[in-house]
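Chains as they are written, first to last, in my numbering: chain A, 1 to 322; chain B, 1 to 129.
It should be emphasised that the hints constitute simulated quantities derived from the structure, not laboratory data.
Hints are supplied without guarantee of correctness; some may be wrong.
[Unchecked claim] If you want the ones that stay clear, here's a sample from chain A, every Cβ over 12 angstroms from chain B, calculated:
1) D31
2) A70
3) D76
4) E95
5) P143
6) D184
7) P189
8) R208
9) F220
10) T237
11) P246
12) V262
13) D265
14) G310
[Claimed, not checked] A partial selection of chain A residues facing chain B, derived with a Cβ cut-off under 8 angstroms:
15) P44
16) L47
17) A51
18) A153
19) R155
20) L180
21) V181
22) P187
23) L191
24) R213
25) H216
26) L217
27) A225
28) W313
29) R317
30) A319
Even glycine gets a Cβ: it sits at the ideal position worked out from N, Cα and C.
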Amino acid sequence: MDAVGVDLGYGLVKWSHGAACGAFASAWVPDGGGADGWGMGGPPVLLVDGAPVVAGEPAALHPAARRPFADGRLADPEALPLLASALWHAGVEGEVVLGSGPPLGRFAAEREAARAALEGRTLRLGDGRRERVVRIARLVLRPQGVGAALYLAARGLLPPGAGLAAVVDVGTRTTDVVALVLRDLSPVPDLCCSLGLGAATAANALAREVQRRTGHLPSFDLAMAALREPQPWHGGTVGGPEEAAPHLDALAGAIRQELLRVFGDAAQQVTTVALVGGAAALLGGRLRGLLPGRAIALTDREMMHANAIGFCWAAERTARGA
Amino acid sequence: VRAVASSRDDGDGVSGSAIRLRLRVGPRSPLHRVLAALPPEEQARALLRLAEVGALRQDGGARSVPEGPPAPGGMAAVMEPAIAAALVRIADAVERLADSGMAWPGRQGPASAGDGEARAAALDAAWDG
Numbered sequence: 001m002d003a004v005g006v007d008l009g010y011g012l013v014k015w016s017h018g019a020a021c022g023a024f025a026s027a028w029v030p031d032g033g034g035a036d037g038w039g040m041g042g043p044p045v046l047l048v049d050g051a052p053v054v055a056g057e058p059a060a061l062h063p064a065a066r067r068p069f070a071d072g073r074l075a076d077p078e079a080l081p082l083l084a085s086a087l088w089h090a091g092v093e094g095e096v097v098l099g100s101g102p103p104l105g106r107f108a109a110e111r112e113a114a115r116a117a118l119e120g121r122t123l124r125l126g127d128g129r130r131e132r133v134v135r136i137a138r139l140v141l142r143p144q145g146v147g148a149a150l151y152l153a154a155r156g157l158l159p160p161g162a163g164l165a166a167v168v169d170v171g172t173r174t175t176d177v178v179a180l181v182l183r184d185l186s187p188v189p190d191l192c193c194s195l196g197l198g199a200a201t202a203a204n205a206l207a208r209e210v211q212r213r214t215g216h217l218p219s220f221d222l223a224m225a226a227l228r229e230p231q232p233w234h235g236g237t238v239g240g241p242e243e244a245a246p247h248l249d250a251l252a253g254a255i256r257q258e259l260l261r262v263f264g265d266a267a268q269q270v271t272t273v274a275l276v277g278g279a280a281a282l283l284g285g286r287l288r289g290l291l292p293g294r295a296i297a298l299t300d301r302e303m304m305h306a307n308a309i310g311f312c313w314a315a316e317r318t319a320r321g322a
Numbered sequence: 001v002r003a004v005a006s007s008r009d010d011g012d013g014v015s016g017s018a019i020r021l022r023l024r025v026g027p028r029s030p031l032h033r034v035l036a037a038l039p040p041e042e043q044a045r046a047l048l049r050l051a052e053v054g055a056l057r058q059d060g061g062a063r064s065v066p067e068g069p070p071a072p073g074g075m076a077a078v079m080e081p082a083i084a085a086a087l088v089r090i091a092d093a094v095e096r097l098a099d100s101g102m103a104w105p106g107r108q109g110p111a112s113a114g115d116g117e118a119r120a121a122a123l124d125a126a127w128d129g
């Protein structure tokens, strides 16, 4: 049986299948978004059980874009087109084991609903030329952050040693922290947590400042982009590294403060730290020395896809009957 | 200075063969300082990770880290310059491989992949059920 991993992030959906992986914006438009485009073509339309949807970057620019931003997304029909698009991009067909997971703090609350909604579900996917039927035979759920820890462990990047490893997964809306005993990689539940802090925290603060200054509130997408580079806005530009710096500093400070509150004296036991998640690269050096211990060096791309690859790894293990 | 590392390569169909890697690093190089500060097993791991993704350039019998400034942003902001430059090249190599549809290097196991898989399985078991 085939296996696929999908990290249904609030900013980006990441998928992993075999040796391939990819990502697209967590946005979709129903009915193809009126994609006939007056004869100009238009973005690729995916048929999900016969219903046309546009997902990813083209949808993010659409005025009617839907961005499921609430909890319980794996069970939410509003998020199903995103999951379907990920399965389409991954190229899977027939019976599959799907690996995925909610934020750590929501794991227990969402697990059963996600299983009920997705396990045994059949999706008919097509682009007008081809059609693939995918049946989710099993849903393997691991919390976000744990997916990344599985990736790191399978890569041999969490070798046995003294003390604790902390995997800090900085996402768009949440920061998930998984603490593990390095000797045997057993989790330390008291030190694992989900913080309601992520890149969106800084983007929203930047957007509010732009509105105060210009009288216009930028879109979420524009504010997120403005955290990295200046963006054209009402005859001028907003954002960029200098303007975003105080908001990113504040976010990094808040994450650091919350982590130290959760870890307390146990922070001194942390000997290995891995920063993962799409927003970890954005914060860069601001999280240096977040916790004591050796930092695992990862590429930006590894940081972004670690959860999806870990989810896929867990799904492959289930598919093999391990 | 010559650092030597060896590993079994399980990623490209030559499983069982050993790779030996020699890296020449000038004594004034920041990379030399960083490598010298690492314990031997970490030194080997760092070199192998660079080699795995082709970040080291063949240079007459030995391999050396190419010159060049690190790209702005990303991990470059928090790393030693030479390591950052090497990591940026890793990222570039990974991007190129991914874009070309070839294997994703992140899925290839390092020398300790077998142990890593077993440890990951132990962690995964904690969440099974």
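Structure-based check of each hint:
Distance to chain B confirms A:D31 as a non-interface residue, since its nearest Cβ pair spans about 32 angstroms, more than 12 angstroms. Against the 12 angstroms criterion, A:A70 stays outside the reach of chain B, whose nearest CB is about 24 angstroms from its own CB. Listed as a non-interface residue, A:D76 keeps its Cβ farther than 12 angstroms from every Cβ of chain B; the least gap is roughly 22 angstroms. Distance to chain B confirms A:E95 as a non-interface residue, since its nearest Cβ pair spans about 20 angstroms, more than 12 angstroms.
Non-interface status of A:P143 relative to chain B is broken: a Cβ of that chain comes within 12 angstroms, the nearest being about 7 angstroms off. Interface exclusion of A:D184 from chain B breaks down, the closest Cβ pair being 6 angstroms apart, not more than 12 angstroms. Once the 12 angstroms rule is applied to beta carbons, A:P189 is inconsistent with being away from chain B; the minimum gap is 10 angstroms. With a cut of 12 angstroms on Cβ distances, A:R208 stays outside the contact zone with chain B, its closest approach being about 24 angstroms.
Residue-level check passed: A:F220 sits 22 angstroms from the nearest beta carbon of chain B, beyond 12 angstroms. At the 12 angstroms boundary, the C-beta of A:T237 stays outside the reach of chain B, the nearest C-beta of that chain being 18 angstroms off. With a minimum CB-CB distance of about 17 angstroms to chain B, A:P246 clears the 12 angstroms threshold, and the non-interface call stands. No Cβ of chain B approaches the Cβ of A:V262 within 12 angstroms, the least distance being about 19 angstroms, so the stated non-interface status holds.
The Cβ of A:D265 sits about 24 angstroms from the closest Cβ of chain B, beyond the 12 angstroms cut-off, so the non-interface label holds. With a minimum CB-CB distance of about 8 angstroms to chain B, A:G310 fails to clear the 12 angstroms threshold, and the non-interface call is violated. The restraint placing A:P44 at the interface with chain B is violated, with a minimum CB-CB distance near 18 angstroms, outside the 8 angstroms limit. Against a cut-off of 8 angstroms between C-beta atoms, the interface hint on A:L47 is violated, since the closest Cβ of chain B lies about 25 angstroms away.
For A:A51, the interface hint is violated, the least distance from its beta-carbon to any beta-carbon of chain B being 30 angstroms, above 8 angstroms. About 4 angstroms separates the beta-carbon of A:A153 from the nearest beta-carbon of chain B, less than 8 angstroms, and the hint is met. This hint holds: A:R155 has a C-beta 6 angstroms from the nearest C-beta of chain B, less than the 8 angstroms allowed. A least Cβ separation of about 7 angstroms between A:L180 and chain B falls short of the 8 angstroms threshold, and the interface hint therefore holds.
Hint status for A:V181: violated, given a least beta-carbon distance of 10 angstroms to chain B, over 8 angstroms. Using the Cβ-Cβ criterion of 8 angstroms, the hint placing A:P187 at the interface with chain B is satisfied: the shortest such distance is roughly 6 angstroms. Using the Cβ-Cβ criterion of 8 angstroms, the hint placing A:L191 at the interface with chain B is not satisfied: the shortest such distance is roughly 14 angstroms. Of the supplied interface hints, the one on A:R213 is violated, with its beta-carbon coming no nearer than about 25 angstroms to a beta-carbon of chain B, more than 8 angstroms.
Given hint, A:H216 at the interface with chain B, is violated; its Cβ is 27 angstroms from that chain's nearest Cβ, farther than 8 angstroms. The restraint placing A:L217 at the interface with chain B is violated, with a minimum CB-CB distance near 27 angstroms, outside the 8 angstroms limit. A least Cβ separation of about 14 angstroms between A:A225 and chain B goes past the 8 angstroms threshold, and the interface hint is therefore violated. A cut of 8 angstroms between beta carbons decides the hint on A:W313: the least distance to chain B is about 7 angstroms, and the hint holds.
With a cut of 8 angstroms, the hint placing A:R317 at the interface with chain B holds, because the nearest CB-to-CB distance is about 6 angstroms. Against a cut-off of 8 angstroms between C-beta atoms, the interface hint on A:A319 is violated, since the closest Cβ of chain B lies about 13 angstroms away.
Of the numbered hints listed earlier, those contradicted by the structure are 5, 6, 7, 14, 15, 16, 17, 21, 23, 24, 25, 26, 27, 30.
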